[in-house]
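Chemist: Take 1 as the starting number for the sequence shown in the numbering used here and just add one per residue.
Careful, some of the hints might be misleading.
As the list claims (entries may be wrong) - What follows is a set of in silico ranges between Cβ atoms, one per label pair, in the way DEER data are often shown:
#, residue 1, residue 2, range
1, Ile-154, Val-174, 45 to 51 Å
2, Ile-92, Arg-52, 38 to 44 Å
3, Asp-55, Glu-141, 27 to 33 Å
4, Ala-11, Leu-94, 15 to 21 Å
5, Asp-55, Leu-94, 35 to 41 Å
Treat the hints as calculated values from the structure; they're not laboratory data. Just so you know, these numbers come straight off a predicted model, no measurement behind them. We put the beta carbon where it would ideally sit given N, CA and C, even for glycine.
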Amino acid sequence: MKWIYLIAGMAFYIKMLFLSNPSPTLPFSIVDAVAQDSGVPNVVSGIILRNRLYDTIFEVIVFTIAIMGCNFLLANERPLGQVYQFPDQSSILLARLGATISALVGLELAIRGHLSPGGGFAAGVAGGTAIGLIAMTSSPEWMQSIYQRWHAAIWEKISVLVFVLLSMITLAGVELPHGEMGELISGGIVPILNILVAIKVALGSWAVVLIFIRYRGLL
């Protein structure tokens, strides 16, 4: 059986090395067509949040299920009695400086993700990184109290529901005006979906970070 896999692998390698992939010759640019269709210069956001919106809906739902899975799998474990964190002031200062920069980058990507490289998922990752860096230098009880005080779990679920609702309305053919290409307020529903995804990913990352620090620690 292993010889079959070996021969198949060699055939695939030869095909990729010597045979060119046939590509259709179109009278127009696909990138320009996507940009005009979605109304945003960042065609990646246009594809994710318009042309392939069905896939993006389920990606958001999968991320939500992953967060629920972390809560479920670690629910019966005993929290750590003591969480070891960075003891020296230089590490704490650098971590919090990095958190500030990551938070600003995440905000920029969420607001302008339809105009430049970036978008909701990248913004959420940057926001989650900022939260993770703060969690490394702060008390877990303090982070948990802020998480509960601002009802972050509820806002995360609301962002998912609003995203799915707006996506369904968009898929039904109801769209906002695209506006002028390249302006901050343009692209119809795409900027709003970008911001919702950023909120969902950042708050979901916050929940996961708190769970793993509480039950697994940092080191």
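Chemist: The structure should be examined with respect to each hint, and the outcome stated for every one.
Modeler: Hints, one by one, checked against the model:
no., hint, verdict
1, Ile-154 / Val-174: 45 to 51 Å, "violated (27 Å)"
2, Ile-92 / Arg-52: 38 to 44 Å, "holds (42 Å)"
3, Asp-55 / Glu-141: 27 to 33 Å, "violated (39 Å)"
4, Ala-11 / Leu-94: 15 to 21 Å, "violated (51 Å)"
5, Asp-55 / Leu-94: 35 to 41 Å, "holds (38 Å)"
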